[in-house]
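Chemist: Join the two chains, each given in its own frame, into one complex according to the hints.
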Amino acid sequence: MSNKKKKKLTPVQQQYHSFSKAREPQRPVLLNVIRAFLAGGTICLLGQFIQDFFLWNFNFTEKTAGDPTVAVLILLSVILTASGVYDHIAQWAGAGTAVPVTGFANSIASAAIEHRSEGFVLGVGASMFQLAGSVIVFGVFAAFVVVLIKTTLALLGGS
Amino acid sequence: MLHGHQTWVFPNKPSIVSTATVGGPFEAEGPLAEDFDLLHGDLWLGQDSYEKAEKKMLEEACEMAIQKAGLQKQDIQFFLSGDLMNQIISSSFAARTLAVPYLGLYGACSSSMESLTLGCLIVDSGSGNYVLCGTSSHNAAAEKQYRYPTEYGSQKPPTAQWTVTGAGVALLSSKGEGPRVTSATIGRVVDMGVTDPFNMGSAMAPAAVDTITAHFRDLRISPQDYDLIATGDLGRVGHRIAGDLLKKHGLEIPEDRFTDCGILIYSKDQPVVLAGGSGCGCSATVTYGHILNRVKKGELKKVLIVATGALLSPLSYQQKESIPCVAHAVSIEFNH
Chain A
551 MSNKKKKKLT
561 PVQQQYHSFS
571 KAREPQRPVL
581 LNVIRAFLAG
591 GTICLLGQFI
601 QDFFLWNFNF
611 TEKTAGDPTV
621 AVLILLSVIL
631 TASGVYDHIA
641 QWAGAGTAVP
651 VTGFANSIAS
661 AAIEHRSEGF
671 VLGVGASMFQ
681 LAGSVIVFGV
691 FAAFVVVLIK
701 TTLALLGGS
Chain B
5 MLHGHQTWVF
15 PNKPSIVSTA
25 TVGGPFEAEG
35 PLAEDFDLLH
45 GDLWLGQDSY
55 EKAEKKMLEE
65 ACEMAIQKAG
75 LQKQDIQFFL
85 SGDLMNQIIS
95 SSFAARTLAV
105 PYLGLYGACS
115 SSMESLTLGC
125 LIVDSGSGNY
135 VLCGTSSHNA
145 AAEKQYRYPT
155 EYGSQKPPTA
165 QWTVTGAGVA
175 LLSSKGEGPR
185 VTSATIGRVV
195 DMGVTDPFNM
205 GSAMAPAAVD
215 TITAHFRDLR
225 ISPQDYDLIA
235 TGDLGRVGHR
245 IAGDLLKKHG
255 LEIPEDRFTD
265 CGILIYSKDQ
275 PVVLAGGSGC
285 GCSATVTYGH
295 ILNRVKKGEL
305 KKVLIVATGA
315 LLSPLSYQQK
325 ESIPCVAHAV
335 SIEFNH
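Which chain is which? The protein sequence lines are A and B, in order. Counting the first sequence from 1 gives a position; our numbering is that position plus 550. Counting the second sequence from 1 gives a position; our numbering is that position plus 4.
Bound conformation, chain B alone (with noise of 0.2 Å):
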């Protein structure tokens, strides 16, 4: 049901009956390695190439997922899926081991929440009973094909970010227990002319602000009303940024209630990732893992994930196109 300009609510309120993240080596040096359901000592995964890992990855969170709901594949009516590789191979190839009907989708890294989004809206409105909400990237695949080769020694600005080995997915369902989906605000893609792909943080930062603002506008309620919000992965340099400029908004977040997924992935003591994590697998691992299992404790009530994404291709930034921007806001909440 739409509510004010861009925001739905979800009367029926989908719940999130089960979630399934694998990670790989550098997330299991992270803070949040004990939040994965599965991780992975080999970037490989035992296959003969990056990307038929990260389809690997995002089959196995499929897997598991629909494992831990007690389902069987053909239980499952839709699967939502996207990722960062051309032609979204990683999402379409899991779909073709699935077996079960699929939409494709891109946004970047915001591909997360879109997914979830567009899920619960299937659910609510009763187009289907049980459908699978996933992402993934994996970091060598995705420098493969937006950067340079994994081996090719260039220095990278410390504004640079580490794309997150991982998968991500979620199922959801009309019925059943589990925290719950009941709002979501769709962005719109914001450009503020950021050139550079060494500084996602600072291209990202004014989509997840306008995505906030906007939630808040269509639902008149205030930052008070959740617990946690965190953005997707904007890293140490955009969440600085969207922070002050949240604030020049007049909408002030309180510092211990605002984060971001990127930020938490990865700990200070692993300067290799520079200002965070980002990509697909950031947002939905840090979501579908650790934020949730906060929520299932009762350490959260309510949850905002605003996942951002930079909607570049190598070939744009190569044709000197500025970085648009989109983020999608996603309100959870679970009641004991």
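Just chain A, same shape as in the assembly (with noise of 0.2 Å):
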């Protein structure tokens, strides 16, 4: 907790803050980290191998075999989201599954899933993207930063 919101504690609830702290099991950070690695790298090198296959055995450039490879990994993502097994490995693996693509398609696959029962348009439709939505959105706001920064600087080089 930031020292920031801790000043808004009362002084009784502060010393219960670290009463509380010391008798708690902390997040196994390291530990954490170490599967996270393994996880995500295992991913990233199974998506080495889709590209790679994509490569060898289509007519695709190391540019054009990025589509199929992210579509396979949101195939697969979504298909172990489905069989509920991703929130298994998710709880192992941490950031290692949230990260990469696959994670991204697990969010919003899982909540199309949870909302179902709300039918398709109040629930799938709907609720979707309540997870993934604020990636896109700050995505998208970010692409365009990037891009006016861009622009600018080539405006002004230009000239």
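Honestly, the hints are just simulated from the structure, not real lab data. Note that this is a predicted model, so its numbers are computed, not measured. Do not rely on the hints blindly, as some may be mistaken.
[Claimed, not checked] With a straight-line Cα cutoff of 20 Å, these simulated SDA-like cross-link-like pairs (lysine to any residue) come out: (1) 558/A - 324/B; (2) 56/B - 674/A; (3) 77/B - 133/B; (4) 324/B - 560/A; (5) 252/B - 221/B; (6) 272/B - 578/A; (7) 77/B - 102/B; (8) 272/B - 576/A; (9) 306/B - 13/B; (10) 305/B - 227/B; (11) 301/B - 231/B; (12) 56/B - 670/A; (13) 300/B - 37/B; (14) 300/B - 232/B; (15) 252/B - 563/A; (16) 571/A - 162/B; (17) 571/A - 200/B; (18) 56/B - 91/B; (19) 72/B - 300/B; (20) 324/B - 563/A; (21) 272/B - 162/B; (22) 571/A - 252/B; (23) 571/A - 251/B; (24) 558/A - 194/B; (25) 272/B - 575/A; (26) 160/B - 641/A; (27) 251/B - 573/A; (28) 571/A - 247/B.
Modeler: If you want it as structure tokens, here you go:
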């Protein structure tokens, strides 16, 4: 907890925080980092194999092979989500499964499955991007800002 | 009858004439499986949503409790119930099926003892002969409402708890055989500024401690008067904190008499539950199943159940509010 937040607490609450913190199991950060490295690395390695598969067997270049590779990874992630396996892998892997494209696919697929009971329009359609929505919004916004900077630099450089 | 500041003593000692507990697949794998009346292998219970599955469990528990007492639905005068769903739909929809005069309650996971306490008040004052008190919770329905979609891959910290899929119901009567409720302490809302919903144990522990100390202060008794003091759903993390906090307040409860329903319901080889069980169904199923079975067998004479509830909502958490918590204690005894 940041110090800014702590300032709002009363002395009794602050005392309790340090009392309870001493009795709580901590997140095993180092272990989590190692697991995330292994899991994330494995997913990327798998992605590399898939990309090479497309490169060797089909008429793809290194640039164009990316699209079908991502599609295959997304498909795998959605299948694992739908069969109820992905969340168990994620509890072990942490950021390892959340950061790659598989995590993004999982967040959309899981929300879609979850809200199926409210129907296609109000459930699946409306809630599908409940978690992925902020990634898309801020992803698009970040891209916009980057383009703005790039264009400005280009114009300045050009003049 | 008011005793001290916040404790009711029931002179007529309402009896729990029957109880019924229903559990889900995870509870069936736990060490208390034998104490459930009905266990479901499927989280959906054949329904098309988790919310409907939760309602079905509560309906089944109500039906069984009435049946066990040899009564009919029409004999029940009041039904008091609460759950974790928005607008307590599980309770209200089960009440629709029961068609019994109904009061819906919300005290988060403390609803189990909240309903039992108020039920006792009705029976004790002669305002009703048969009162049904129940609660339910469903793991996936609670996850969906409070956290992320069930299949979403997020890593939970070791302090997180697992919402129990289950429903527990107790039927109270002024006459009849069964364990008797002698007193109850209504808790204050305590907020120690904990904001992490994955750390409910440490958020709720102070509320439990506040109610336990109030209970002993109001009745002028000591922990030695109880064979077992069980908190509702503090889990392993909160249980440890509560035990140490009690010691700090000069109220030491012997280790073998102090336990927590959230620890009892799952075994250690169910790592997915992390710090233990939580939810309305946790204290209700463990108390009405396991603990009362032990009481009836004569292994325990007098028990104190302290159901703890975290009164947060997903909205309050997102708005960075801390988690206010409450705990209600009910004293149950059985003289053979």
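Chemist: If a hint holds in the structure, say so; if it does not, say that too.
Modeler: Here is how each hint holds up against the structure:
1. At roughly 12 Å between alpha-carbon atoms, residue 558/A and residue 324/B fall within 20 Å of each other, so this suggested pair holds.
2. A hinted pair counts as satisfied when its Cα atoms are at most 20 Å apart, and residue 56/B with residue 674/A qualifies at roughly 18 Å.
3. For the given pair, residue 77/B sits about 13 Å from residue 133/B by alpha-carbon distance, which is consistent with the 20 Å threshold.
4. A distance of roughly 16 Å separates the Cα atoms of residue 324/B and residue 560/A; the hinted pair therefore holds under the 20 Å criterion.
5. Pair hint residue 252/B plus residue 221/B holds up; C-alpha atoms about 16 Å apart against a cutoff of 20 Å.
6. Distance hint between residue 272/B and residue 578/A is fulfilled; the C-alpha atoms sit about 19 Å from each other, no more than 20 Å.
7. Taken as a hint, the residue 77/B and residue 102/B pair is honoured in the structure, with Cα atoms around 7 Å apart against an allowance of 20 Å.
8. Distance hint between residue 272/B and residue 576/A is fulfilled; the C-alpha atoms sit about 18 Å from each other, no more than 20 Å.
9. For the given pair, residue 306/B sits about 15 Å from residue 13/B by alpha-carbon distance, which is consistent with the 20 Å threshold.
10. The straight-line distance between the Cα atoms of residue 305/B and residue 227/B is roughly 13 Å, inside the 20 Å bound, and the hint therefore holds.
11. The hinted pair formed by residue 301/B and residue 231/B meets the criterion: a straight-line CA distance of about 14 Å does not exceed 20 Å.
12. Between residue 56/B and residue 670/A the alpha-carbon distance is near 18 Å, which keeps this suggested pair within the 20 Å criterion.
13. For a cut-off of 20 Å, the pair hint linking residue 300/B to residue 37/B stands: about 18 Å separates their Cα positions.
14. Taken as a hint, the residue 300/B and residue 232/B pair is honoured in the structure, with Cα atoms around 14 Å apart against an allowance of 20 Å.
15. Taking the CA atoms of residue 252/B and residue 563/A, the gap is near 15 Å; set against the 20 Å cutoff, the hint holds.
16. For a cut-off of 20 Å, the pair hint linking residue 571/A to residue 162/B stands: about 13 Å separates their Cα positions.
17. The straight-line distance between the Cα atoms of residue 571/A and residue 200/B is roughly 12 Å, inside the 20 Å bound, and the hint therefore holds.
18. Between residue 56/B and residue 91/B, the direct Cα distance comes to roughly 14 Å. Compliance with the 20 Å bound is thereby established for this hinted pair.
19. Annotation: proposed proximity of residue 72/B to residue 300/B holds, straight-line Cα distance about 15 Å (limit 20 Å).
20. In summary, the hint linking residue 324/B to residue 563/A is supported, as the alpha carbons are separated by about 16 Å, within the 20 Å threshold.
21. Between residue 272/B and residue 162/B, the direct Cα distance comes to roughly 13 Å. Compliance with the 20 Å bound is thereby established for this hinted pair.
22. A C-alpha spacing of about 16 Å is found between residue 571/A and residue 252/B, which places the hinted pair at or below 20 Å, so the restraint holds.
23. Taking the CA atoms of residue 571/A and residue 251/B, the gap is near 17 Å; set against the 20 Å cutoff, the hint holds.
24. Our distance criterion of 20 Å between C-alpha atoms is met by residue 558/A and residue 194/B, whose separation comes to about 16 Å.
25. The straight-line distance between the Cα atoms of residue 272/B and residue 575/A is roughly 15 Å, inside the 20 Å bound, and the hint therefore holds.
26. Proximity of residue 160/B to residue 641/A is assessed by CA-CA distance (about 7 Å); at most 20 Å being required, the pair is judged to hold.
27. Under the criterion of a C-alpha separation no larger than 20 Å, the hint pairing residue 251/B with residue 573/A is consistent with the structure, at around 14 Å.
28. Between residue 571/A and residue 247/B, the direct Cα distance comes to roughly 15 Å. Compliance with the 20 Å bound is thereby established for this hinted pair.
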